[in-house]
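Trainee: Use the sequences and the hints to build the structure in full.
Under my numbering, the first residue of the sequence shown is numbered 12, with each subsequent residue one higher.
Hints are supplied without guarantee of correctness; some may be wrong.
Claimed, not checked - In the BS3-like style, the derived pairs of lysine-lysine whose C-alpha atoms are separated by at most 30 Å in a straight line are:
no. : residue 1 : residue 2
1   : 368       : 189
2   : 190       : 368
3   : 351       : 369
4   : 163       : 189
5   : 59        : 167
6   : 369       : 167
Said to hold, decoys possible - Here are the simulated distance ranges between beta carbons:
no. : residue 1 : residue 2 : range
7   : 368       : 337       : 45 to 53 Å
8   : 116       : 341       : 39 to 47 Å
9   : 351       : 189       : 25 to 33 Å
These aren't lab readings, by the way, just hints derived from the structure by calculation. Cβ coordinates follow ideal geometry from the N, Cα and C atoms, glycine included.
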Amino acid sequence: MQNGAETYRRIATISAHLYPSPSSHQMEGGVGLSRANCRAKGGSPGFKVAILGAAGGIGQPLAMLMKMNPLVSVLHLYDVANTPGVTADISHMDTGAVVRGFLGPQQLEDALTGMDLVIIPAGVPRKPGMTRDDLFNINAGIVRTLCEGIAKCCPKAIINIISNPVNSTVPIAAEVFKKASTFDPRRLLGVTMLDIVRANTFVAEVLGLDPREVDVPVVGGHAGVTILPLLSQVKPSCSFTPEETEYLTSRIQNGGTEVVEAKAGTGSATLSMAYAAVKFADACLHGLRGDAGIVECAFVSSQVTELPFFASKVRLGRNGVEEIYPLGPLNEYERTGLEKAKKELATSIQKGVAFVKK
12 MQNGAETYRR IATISAHLYP SPSSHQMEGG VGLSRANCRA KGGSPGFKVA ILGAAGGIGQ
72 PLAMLMKMNP LVSVLHLYDV ANTPGVTADI SHMDTGAVVR GFLGPQQLED ALTGMDLVII
132 PAGVPRKPGM TRDDLFNINA GIVRTLCEGI AKCCPKAIIN IISNPVNSTV PIAAEVFKKA
192 STFDPRRLLG VTMLDIVRAN TFVAEVLGLD PREVDVPVVG GHAGVTILPL LSQVKPSCSF
252 TPEETEYLTS RIQNGGTEVV EAKAGTGSAT LSMAYAAVKF ADACLHGLRG DAGIVECAFV
312 SSQVTELPFF ASKVRLGRNG VEEIYPLGPL NEYERTGLEK AKKELATSIQ KGVAFVKK
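Mentor: Rendered as structure tokens:
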């Protein structure tokens with residue numbers, strides 16, 4: 012009888028990892044297990060991370076890559092559909108992070124409670140002919156709802172927003188947090204890392220270098236002309252002809268469209284976005300750990316320009332954004348691009364603010 016009870020306890024443990032709920036899991040013989048007591052033996056020390064939209068095109072590879080991150084101890088996967096399957100699949104990976112799945116709005120608060128980092132790729136993807144602005148009405152509502160949950164359950168977490176259009180969804184999140192009196196500008200970051208990843212790759216192709224040896228600052232925002240690669244500041248130091256500059260700038264700005272068109276109606280940039288999101292999340296976790304010199308570009312509350320939000324290089328630390336760096340010297344081409352970017356950005360930011368205030 013005792014062996015039977017032990018068997019049920021172990022089964023309950025597995026079940027609680029995959030399908031946690033606020034109530035205890037009750038097995039035959041009266042053996043119960045609450046989620047609070049559910050910990051995998053040998054679970055790694057580290058941070059608690061939640062992915063909101065974990066069953067989507069970006070969310071699934073993002074979840075897989077975060078499960079591989081040694082800095083993650085607990086990984087919460089939330090979505091409105093298909094979370095149990097994704098959770099079961101990823102939980103079989105033999106890495107240290109404990110994976111738990113959460114399904115639907117009724118489990119959102121459980122997914123968020125106690126998190127150190129929340130990553131939001133939730134929303135609908137771009138389709139051919141669709142601009143990031145076309146996504147606004149659907150994704151704006153999704154981000155608002157998720158951020159209301161964050162404000163209630165983990166107001167001190169670092170928030171990484173991927174949901175497009177980032178130029179508007181980050182201001183939406185800020186307004187939600189302001190309403191809840193939980194807004195900390197250091198902890199809210201729009202993920203523009205995919206622009207940097209693309210810039211490093213495309214510039215490396217032109218220079219004949221390994222992309223891992225190239226560093227291209229990309230400032231402004233995360234859509235079209237608001238994406239401004241500072242090619243005059245590329246490391247290692249180099250120079251480009253006007254034709255090369257135009258080609259590279261255009262390709263970096265339209266990298267997302269390049270993927271949407273290549274996929275011909277089947278999706279947008281999911282795999283490269285997941286890679287970029289994990290690269291940025293890892294930087295945030297290293298900052299939370301207290302590592303020195305963690306510098307990345309992100310779309311944040313900023314005074315670098317007259318706009319309330321702007322993407323530029325920031326230093327990450329225990330509180331999120333610890334320092335925001337100035338743009339540095341720009342050439343004439345970049346100064347012209349900056350004015351175009353700011354004009355477009357101002358409209359997108361205001362659209363996000365108005366969405367919450369209406």
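Trainee: If a hint holds in the structure, say so; if it does not, say that too.
Mentor: Verification of the supplied hints:
1. 368 - 189: holds, 11 Å
2. 190 - 368: holds, 10 Å
3. 351 - 369: holds, 27 Å
4. 163 - 189: holds, 12 Å
5. 59 - 167: holds, 12 Å
6. 369 - 167: At roughly 27 Å apart (the allowed maximum being 30 Å), residue 167 and residue 369 satisfy the hint.
7. 368 - 337: 45 to 53 Å: violated, 31 Å
8. 116 - 341: 39 to 47 Å: For residue 341 against residue 116, whose Cβ atoms are near 45 Å apart, the range 39 to 47 Å holds.
9. 351 - 189: 25 to 33 Å: Holds: the Cβ-Cβ distance is about 29 Å, inside 25 to 33 Å.
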